[in-house]
Amino acid sequence: MRKDQNLGEYLRSQGVSRRGFLKFCSATASLMALPPSAVAQVAEALAAARRPSVIWLSFQECTGCTESLTRSHSPTVESLIFDAISLDYHHTLQAAAGHGAEAAREAAQEENKGEYILVVDGSIPVDNPAYSTIAGISNLDMLKHSAKDCFAIVAVGTCAAYGGLPGAEPNPTGAVAVSDIITDKPIINVSGCPPIPVVITGVLAHFLTFGTIPELDALGRPTAFFGQNIHDRCYRRPFYERGEFAETFDDEGARKGWCLYKLGCKGPITYNACATVKWNQGMGFPIQAGHGCIACSEPRFWDKGGFYDALSTGDWGSREALLGAAAVGAALGAGSAIRARARKRKAMAEEEA
Amino acid sequence: MENMTLLDFARGPGLQWALWIFCLGVLWRIVGAMYLLGTKDLSKFRRNHYIRDGLRACLTRSTPAEAFEDKIRFQHISGYAWHIALFVSVLFFAPHILFFESIFGFSWPHLPNTIILFSGAVATALLIALLIRRVVHPVQRLISTIDDYISIVVVLLPLITGLAAFAHIGGRYETMLALHLLAVELMLIWYPFSKLMHAFMTFPSRYQSGTFFGHRGVKA
Numbered sequence: 001m002r003k004d005q006n007l008g009e010y011l012r013s014q015g016v017s018r019r020g021f022l023k024f025c026s027a028t029a030s031l032m033a034l035p036p037s038a039v040a041q042v043a044e045a046l047a048a049a050r051r052p053s054v055i056w057l058s059f060q061e062c063t064g065c066t067e068s069l070t071r072s073h074s075p076t077v078e079s080l081i082f083d084a085i086s087l088d089y090h091h092t093l094q095a096a097a098g099h100g101a102e103a104a105r106e107a108a109q110e111e112n113k114g115e116y117i118l119v120v121d122g123s124i125p126v127d128n129p130a131y132s133t134i135a136g137i138s139n140l141d142m143l144k145h146s147a148k149d150c151f152a153i154v155a156v157g158t159c160a161a162y163g164g165l166p167g168a169e170p171n172p173t174g175a176v177a178v179s180d181i182i183t184d185k186p187i188i189n190v191s192g193c194p195p196i197p198v199v200i201t202g203v204l205a206h207f208l209t210f211g212t213i214p215e216l217d218a219l220g221r222p223t224a225f226f227g228q229n230i231h232d233r234c235y236r237r238p239f240y241e242r243g244e245f246a247e248t249f250d251d252e253g254a255r256k257g258w259c260l261y262k263l264g265c266k267g268p269i270t271y272n273a274c275a276t277v278k279w280n281q282g283m284g285f286p287i288q289a290g291h292g293c294i295a296c297s298e299p300r301f302w303d304k305g306g307f308y309d310a311l312s313t314g315d316w317g318s319r320e321a322l323l324g325a326a327a328v329g330a331a332l333g334a335g336s337a338i339r340a341r342a343r344k345r346k347a348m349a350e351e352e353a
Numbered sequence: 354m355e356n357m358t359l360l361d362f363a364r365g366p367g368l369q370w371a372l373w374i375f376c377l378g379v380l381w382r383i384v385g386a387m388y389l390l391g392t393k394d395l396s397k398f399r400r401n402h403y404i405r406d407g408l409r410a411c412l413t414r415s416t417p418a419e420a421f422e423d424k425i426r427f428q429h430i431s432g433y434a435w436h437i438a439l440f441v442s443v444l445f446f447a448p449h450i451l452f453f454e455s456i457f458g459f460s461w462p463h464l465p466n467t468i469i470l471f472s473g474a475v476a477t478a479l480l481i482a483l484l485i486r487r488v489v490h491p492v493q494r495l496i497s498t499i500d501d502y503i504s505i506v507v508v509l510l511p512l513i514t515g516l517a518a519f520a521h522i523g524g525r526y527e528t529m530l531a532l533h534l535l536a537v538e539l540m541l542i543w544y545p546f547s548k549l550m551h552a553f554m555t556f557p558s559r560y561q562s563g564t565f566f567g568h569r570g571v572k573a
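Read top to bottom, the protein sequences are chains W and P.
Start counting the first sequence at 1; every next residue gets the next number (the numbering used here).
Start counting the second sequence at 354; every next residue gets the next number (the numbering used here).
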């Protein structure tokens, strides 16, 4: 996309029909919980949008978030919109390398001061900055420097949003989320391991349409995409209500598509768009594929017990500890009874005397 | 642990402490009571049917004396209905069974959620009705202590929060689940030091009374 082109012109040049574009706008408006009357506004705003500058920083991450976005199901209108932003720095995707790449980042920051969007995936190690560096610059320094002049930050993936896997106990690198470091800029957390591609583009579409950040929940996530509970939207919910559960991954219940609660599904405590938007062009999502939700869009999901432990089990400790407490109780009971008897004997002796 | 949520606390340290206190307290009370059983009975020995007398007392004290039945029929029936509804809700809800299985290592069949929801609602309504009766009825009010009221509230809270979590009422599911677990933990902590201990003590104490009366030749 040329810098002087708007999004509408670019999409037409790529062979996207008006009908296809409006279809995307309707879906986006619907995802963002906007009324049908807003579709025209979304279409108009998106068509006229100039490509915003985006600087994408990848820190302690596995590149899964980038893979999710770029390899999911292209080419689609979503991916073309992603193409339509000016991705001025992304060290996995960009052709430039070394000093040239870093110079491009500095130039984009300078040219778009106060206007560019900073996308971050991966957590930031703070115990020792040397744990993760890019071009000799620590993640911490690069984040602080790049965030200084940005319009807003999109923390893509659970690592950037909440620390994710690098931040799992015992957190050897002292990994933290973007929001733990940057406190003076709007931050949109697009969590998930990885996040759903259309959620990333949806956030972008919201920005292009309204020029503002979307409404966020208490965990900094767009409510349009993270306002729904997986369990509430799960197509297996009726089986939960009827008490029909798969006991193993290959039993009759599993084959019949019964509820995966007993197999550790964390759907009841997870907020994401998986059950509605789904993955792979709306083909399915993990629960539909027969595996329980692992709550990957929630903070510290790695440390919330085993993925295959049912939500209601809890971490009640060990049998030894319980037996120890019972033994102490029994000793106290015996001691208090012996003391009571001694008191009684003494009282009787005094009475007889 | 950093950034621990309310649910993390309720499912982790909160649950562990509550179970430790529960085990310690229950054994304290039971062992203490058992040691006191050895008190010598100085009365003349009159009968030799300890087991029969003990079991008989367990049965006879499970129903009110005929003379009182008219006056306490509501309490009698609702008391049984409440306990049955509570046991169904606690012992036959699939997520509860998974919790018990994680501790005891074995499980049993569960009931459909509709039945659990119904029994939970019945248990909640009956307990509220019994609490109101306790407050309104002059005799009941007279014999009630603070222990009775606290125990009822402490048992009522898990029921209410459990129903709310199930029905997604009052807040996000994880919040209601955390409150439900915290309510259960409060009950576990209160349990050994209150009248809730009757769950462990009722039948042993009836049996002991039966043998005690039998020793003295009392048919009761």
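Mixed in with the good hints, there may be bad ones.
Stretch by stretch, here's where chain P covers chain W in the computed footprint (C-beta under 8 Å, at least three residues) [what the hints assert, rightly or not]:
#1 94–103
#2 123–136
#3 236–246
#4 301–315
Chain P side only, calculated, beta carbon under 7 Å to chain W, not exhaustive [unchecked claim]:
#5 Arg364
#6 Glu422
#7 Trp461
#8 Pro465
#9 Ala520
Just so you know, the hints here were simulated from the structure itself, not pulled from any lab data.
Cβ coordinates follow ideal geometry from the N, Cα and C atoms, glycine included.
Now the hints, each set against the structure:
With 0 residues carrying a beta carbon less than 8 Å from a beta carbon of chain P, the segment 94–103 of chain W misses the three-residue requirement, and the given coverage is violated. With 0 residues bearing a CB less than 8 Å from a CB of chain P, the segment 123–136 of chain W misses the requirement of three and the coverage assertion fails. Interface restraint, the segment 236–246 of chain W with chain P: holds (5 residues with C-beta to C-beta distance below 8 Å; minimum three). Coverage of the segment 301–315 of chain W by chain P holds in this model, with 10 residues showing a Cβ closer than 8 Å to a Cβ of that chain against a need of three.
With a least beta-carbon distance of about 4 Å to chain W, the hint placing P:Arg364 at the interface is held under the 7 Å criterion. Contact between P:Glu422 and chain W, as hinted, is not supported at the beta carbon level, the nearest pair being about 37 Å apart and thus beyond 7 Å. Residue-level restraint check for P:Trp461 is violated (minimum Cβ-Cβ distance to chain W is 13 Å; threshold 7 Å). At a threshold of 7 Å, the smallest CB-CB gap from P:Pro465 to chain W is about 4 Å, leaving the interface hint in force.
At about 11 Å, the closest approach between the beta carbon of P:Ala520 and any beta carbon in chain W exceeds 7 Å, and the interface hint on this residue is violated.
In the structure shown, a violation is registered for the earlier hints numbered 1, 2, 6, 7, 9, in ascending order.
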